[in-house]
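Protein sequences, first through last, are from chains A, B, C and D.
Read the first sequence against the working numbering and you will find it ends at 324, with the numbers running on by one and no gaps.
Read the second sequence against the working numbering and you will find it ends at 324, with the numbers running on by one and no gaps.
Read the third sequence against the working numbering and you will find it ends at 155, with the numbers running on by one and no gaps.
Read the fourth sequence against the working numbering and you will find it ends at 155, with the numbers running on by one and no gaps.
FYI, nobody ran anything at the bench for these hints, they're computed from the structure.
Some clues are possibly wrong.
A few chain C residues facing chain D, derived, Cβ under 8 Å [stated by the list, open to error]:
| # | residue |
| --- | --- |
| 1 | ILE(-6) |
| 2 | GLU2 |
| 3 | ALA14 |
| 4 | GLY17 |
| 5 | ALA18 |
| 6 | GLY19 |
| 7 | SER21 |
| 8 | PHE24 |
| 9 | THR25 |
| 10 | GLY26 |
| 11 | ARG29 |
| 12 | TYR31 |
| 13 | ARG94 |
| 14 | ARG102 |
| 15 | LEU121 |
Derived list of chain C stretches under chain A, where covered just means 3 residues or more per stretch with a C-beta under 8 Å from a C-beta of chain A [stated by the list, open to error]:
| # | region |
| --- | --- |
| 16 | 42 to 56 |
| 17 | 111 to 119 |
Simulated pairs of lysine-lysine, DSS-like, Cα-Cα distance not exceeding 30 Å [said to hold, decoys possible]:
| # | chain 1 | residue 1 | chain 2 | residue 2 |
| --- | --- | --- | --- | --- |
| 18 | C | LYS(-5) | A | LYS249 |
| 19 | B | LYS249 | D | LYS109 |
| 20 | A | LYS249 | C | LYS117 |
| 21 | C | LYS117 | C | LYS(-5) |
| 22 | D | LYS117 | D | LYS(-5) |
| 23 | C | LYS109 | C | LYS(-5) |
| 24 | C | LYS109 | A | LYS249 |
| 25 | D | LYS109 | D | LYS(-5) |
| 26 | D | LYS117 | B | LYS249 |
| 27 | B | LYS249 | D | LYS(-5) |
No residue lacks a Cβ here, since even glycine has one placed at the ideal position from N, Cα and C.
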Amino acid sequence: MIYVKFFASVRERVGVGEISLLMPEGGVTVEEVLSLAEDETGVLLQDAHLLAAVNLQHVPFSGVVHDGDEVAFFPPVTGG
Amino acid sequence: MIYVKFFASVRERVGVGEISLLMPEGGVTVEEVLSLAEDETGVLLQDAHLLAAVNLQHVPFSGVVHDGDEVAFFPPVTGG
Amino acid sequence: MIIKVQQEDFEPMAEMAAYPVDAIAGAGGSVTFTGTVRDYSEAADILAMEIEHYPGMTERELERISAEAARRYDILDSLIVHRYGHLAPQDNIVMVAVWSRHRAAAFDACRFLIDLLKTSAPFWKKEVTLAGARWVTDCPGCRAGGREGHTHAPYTHYSHTQLK
Amino acid sequence: MIIKVQQEDFEPMAEMAAYPVDAIAGAGGSVTFTGTVRDYSEAADILAMEIEHYPGMTERELERISAEAARRYDILDSLIVHRYGHLAPQDNIVMVAVWSRHRAAAFDACRFLIDLLKTSAPFWKKEVTLAGARWVTDCPGCRAGGREGHTHAPYTHYSHTQLK
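Chain A on its own, in the form it takes in the complex (with noise of 0.2 Å):
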């Protein structure tokens, strides 16, 4: 399983903060796990400046993901 978190106005606008994905034959990019949490929720993000964080850590979205991660999805941050 590839464990999906949204957070902030991603969050919001996919309407849950967790989901769970099943892992694909052969491995996956982060920007392929995001095609497949917008086909389970039916929500368009690609066109959203996002950012992507695996197991805690900045990733680009070319980043590599596997079986039982956890990937995050939001929006720039704006803390401080």
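Assemble chains B, C and D onto chain A, guided by the hints.
For chains B, C and D alone, coordinates are given in the frame of chain A:
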């Protein structure tokens, strides 16, 4: 009169914090006030790294001193 | 290195006074940045601020940047406190404190930490105004140069220059 | 602009909390530098620190540099507190706080103020150690490059690199 003040290590070398000098005819510079102060106190100060102020403002040694002015001599400041 | 991510308010100097003395022995000075909730934005009066964060990742990011600051600058130690949840205008949001022997390193490291925190720590601000609640956005495209020529986030694009 | 030159100890955050609210309305953050008495120098353990100042000129210089900071940087206001008299190790000596809408101006102005204070405000530190009391000196010649090739102050030339 010219009112001369000494601070910190300069005050300790001179032995007093304050002396008064008669205003010479024709005006003086800060440099000349220092010479007069040396004559008056018997303590040589020209070899020290001195800073000067006239009426509470930093001035160069070429600055002009008027009758009634307060002239201060002190080492480089070390506050903060 | 101390990192605190908390809902409760904090008092910057109480945090600094409580800092373990051994870690900062020999400090000649400290530099502290404190960020507060403003009572206005460019668009409206702010009634409240909601801060969402990513538990776990937040602490990890703050530890990462603190370690990076310690590597780059000649400092003795650093402290970061960041709140989440419901905040009122003028509440403290964040503090970054750095101790060093010489002040230049403390200034540099403190600025480095708050700059990096603002671009990497997973916190998101939502401003509550009379007109409703809106996410504060920091759109990289807009930041790089105006409103044309880039794709920007479709969610409410609000006050993006405000919190830099 | 607030300037305080005092013998009494101070608490940086209490000073900031007491700051007139109107003067800093709209602040998004503040930067504070706090300078403390160290418990060692390059030469010896420090038992105490005596700070002499030039009453009248001190306040005037601090006002002058505060006005200069306000002219150079986009800040809302600034506060300087500096002690004189007898201090113990780890006591606060000085604090400089700056409020601004955007944090870059507060960092720049705070650093500008403490840098300028250290070269222009008429304060002099004397360190008391077991070996005796010695003036801290900040010799411009030494600062510019080592011990040779310049005239330096004949009075005790002590620990000149320490408090930069």
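Taking 8 Å as the limit, does the beta-carbon of PHE24(C) come near enough to a beta-carbon in chain D?
Check passed: Cβ of PHE24(C) comes within 5 Å of chain D, closer than 8 Å.
Hint validation: TYR31(C) versus chain D, beta carbon distance must be below 8 Å. Holds or violated?
holds, 7 Å
Min Cβ distance, GLY17(C) to chain D: is it shorter than 8 Å?
Constraint on GLY17(C) satisfied, holds at 6 Å.
Is the Cα-Cα distance between LYS109(C) and LYS249(A) 30 Å or less?
holds, 21 Å
Tell me if the interface restraint on THR25(C) is satisfied: Cβ within less than 8 Å of some Cβ in chain D.
At 5 Å from the nearest chain D Cβ, THR25(C) passes the 8 Å test, so the hint holds.
Are ARG102(C) and chain D close enough, Cβ to Cβ, to be under 8 Å, as the hint says?
Holds: closest Cβ of chain D sits about 5 Å from ARG102(C), inside 8 Å.
Take the C-alpha atoms of LYS109(D) and LYS(-5)(D), compute the straight-line distance between them, and say whether it is at most 30 Å.
Satisfied, since the Cα-Cα distance of roughly 16 Å is no more than 30 Å.
Under 8 Å is the threshold here; is the Cβ of SER21(C) close enough to any Cβ of chain D for the hint to stand?
holds, 5 Å
Given hint GLY19(C) near chain D, where the shortest CB pair must fall under 8 Å:
holds, 5 Å
Per-residue hint verdict: LEU121(C), partner chain D, C-beta under 8 Å
violated, 18 Å
Under 8 Å, Cβ to Cβ, is where ALA18(C) needs to be relative to chain D, so tell me if that hint holds or is violated.
With a closest approach of 6 Å, the ALA18(C) hint holds.
Would you mind confirming whether the straight-line C-alpha gap from LYS109(C) to LYS(-5)(C) stays at or under 30 Å?
Roughly 16 Å separates the two Cα atoms, so the pair holds.
Consistency with the previously given hints fails for numbers 1, 3, 15, ordered from lowest to highest.
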